[in-house]
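Trainee: Each protein sequence line maps, in turn, to chains A and B. Going by our numbering, the first residue of the first sequence is number 179, and it counts up by one from there. Going by our numbering, the first residue of the second sequence is number 12, and it counts up by one from there.
The set of hints was computed from the structure by calculation and includes no laboratory data. A couple of the hints might just be wrong.
Here are the simulated lysine to aspartate or glutamate pairs, DMTMM-like style, with alpha carbons at most 20 Å apart [as the list claims (entries may be wrong)]: (1) K187(A) <-> D204(A); (2) K109(B) <-> E14(B); (3) K109(B) <-> E257(A); (4) K56(B) <-> D93(B); (5) K222(A) <-> E67(B); (6) K109(B) <-> D251(A); (7) K56(B) <-> D216(A); (8) K53(B) <-> D216(A); (9) K222(A) <-> E14(B); (10) K109(B) <-> E16(B); (11) K235(A) <-> D216(A); (12) K53(B) <-> D234(A); (13) K187(A) <-> D50(B); (14) K13(B) <-> D216(A); (15) K235(A) <-> E257(A); (16) K187(A) <-> D286(A); (17) K187(A) <-> E257(A); (18) K56(B) <-> D204(A); (19) K90(B) <-> E67(B); (20) K90(B) <-> D68(B); (21) K56(B) <-> D68(B); (22) K109(B) <-> E237(A); (23) K109(B) <-> D234(A); (24) K187(A) <-> E250(A); (25) K192(A) <-> E257(A); (26) K222(A) <-> E237(A); (27) K222(A) <-> D18(B); (28) K235(A) <-> D251(A); (29) K90(B) <-> D50(B); (30) K187(A) <-> D216(A); (31) K222(A) <-> E16(B); (32) K235(A) <-> D68(B); (33) K13(B) <-> E237(A); (34) K56(B) <-> D286(A); (35) K192(A) <-> D216(A).
Covered stretches of chain B, as calculated for chain A (at least 3 residues, CB under 8 Å) [to be verified]: (36) 32-45; (37) 55-67; (38) 109-117.
We treat Cβ as the ideally placed atom computed from N, Cα and C, and that holds for glycine.
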Amino acid sequence: NAGVTQTPKFRILKIGQSMTLQCTQDMNHNYMYWYRQDPGMGLKLIYYSVGAGITDKGEVPNGYNVSRSTTEDFPLRLELAAPSQTSVYFCASSYSTSGLSQPQHFGDGTRLSIL
Amino acid sequence: RKEVEQDPGPFNVPEGATVAFNCTYSNSASQSFFWYRQDCRKEPKLLMSVYSSGNEDGRFTAQLNRASQYISLLIRDSKLSDSATYLCAVSRGSSASKIIFGSGTRLSIRP
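Could you build all of it, start to finish, from the sequences and the hints given here?
Mentor: Below, the structure written as structure tokens:
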């Protein structure tokens, strides 16, 4: 059981380049999330999705886009990479019905540097 | 005021000691609360969920105080392996989907 898988694990981008961070989960979770974590800081919610075809902004969505065409996949797109987007990106998923949130399962993270 | 606030620490305590730290949240409608443990350069891992007044798992006890809007984590008989950053996470209001994390509390256990 792989859980939440993120690719790539490391990436260096030049300013202005674009890339997609991949995230897939095999637990049939309906909720998926993208967070970024800067050094010494907590996790900031970028985008989240409560099901296929539904996405919503989190705390820090500017400069990012997401899509959720299937239950399993939730890619994060950076269109014009900026140095401020240098961070560790975590994808997470959970299974939640109405009311209470359930614990999130996290991927290993993608370490992204913009130079 | 931040939605979820934690004392960043570091808390530096001897092995075997009891240590506790709090996490305050601003939205009184929040329903779900979690403590995660994060080791250096690793992903967060669930330590405990708190949905009602509290939860206990071995040496770890979490308490929820709705009146004062905080959750606490108590670690008894601390081990060297407890050294990590502890993150609290809170659902934003009554929404089951949006989970907001605190900045984390660093704990270091010394021999």
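Trainee: Enumerate the violated hints, using their earlier numbering and listing them in ascending order.
Mentor: 3, 5, 12 and 32
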